[in-house]
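Trainee: Which chain is which? The protein sequence lines are P and V, in order.
Counting in this note's numbering, the first sequence runs from 1 upward without gaps.
Counting in this note's numbering, the second sequence runs from 116 upward without gaps.
In case anyone wonders, no lab produced these hints; they're calculated from the structure.
Watch out, some of these pointers could steer you wrong.
[Unchecked claim] Straight-line alpha carbon distances no greater than 30 Å define the calculated DSSO-like cross-link-like pairs of lysine-lysine that follow:
id, chain 1, residue 1, chain 2, residue 2
1, P, K41, V, K186
2, P, K41, V, K171
3, V, K157, P, K14
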Amino acid sequence: GAVVSQHPSWVICKSGTSVKIECRSLDFQATTMFWYRQFPKQSLMLMATSNEGSKATYEQGVEKDKFLINHASLTLSTLTVTSAHPEDSSFYICSAPGRSTDTQYFGPGTRLTVL
Amino acid sequence: GESVGLHLPTLSVQEGDNSIINCAYSNSASDYFIWYKQESGKGPQFIIDIRSNMDKRQGQRVTVLLNKTVKHLSLQIAATQPGDSAVYFCAENGGTSYGKLTFGQGTILTVHP
């Protein structure tokens, strides 16, 4: 079946640094990918829709200058958390729709801890 | 709108019991609903889905019921096993067709041997 990978699976960084998270569709192409954030014991919150060849669409309340999204190719989207602060510590998950957009394939998530 | 839970509801059952997990959704435009299972430290895993033109759909040990009148979705797990212990989320598509999902609050299911 279709697989979505994320890299890294976990990262620890110092406050003020930037962190890049990659989301790859391994055996299918994805013109659209989605980025979610999940705080402990909470639900997944959609942050943005990553669009190949065009700008990402951000959900209300999500700072586009802080969470930079680049959909570099049909199989890769990156999320860069700029000037990370402890409150950005979270579990970041990406997803990509399959051939039927109703089918979403989720990545394994990236645990970000900002010290 | 989006629903976020500060403290997830919990459900504890004994192995072999049937489990029922409930979800209320808010967007009447949603026409596609999915249940996901999430184990600790992992991404969501698809369990079962249902479209708005149906009110019931069955899987191997799972059944999803949809009541559009009251915007309610439920997941029934038969003969619950310890491996079913996880957090369960419902998600709705908001009537969109390009894969954007809104997740429900989530329920922590604990199955005791």
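Trainee: For every hint, state whether the structure bears it out.
Mentor: The hints, checked one at a time:
1. P:K41 to V:K186: holds (24 Å)
2. P:K41 to V:K171: Holds, at roughly 29 Å.
3. V:K157 to P:K14: Holds. V:K157 to P:K14 sits at ~24 Å (cutoff 30 Å).
Checked against the numbered hints above, the structure violates none of them.
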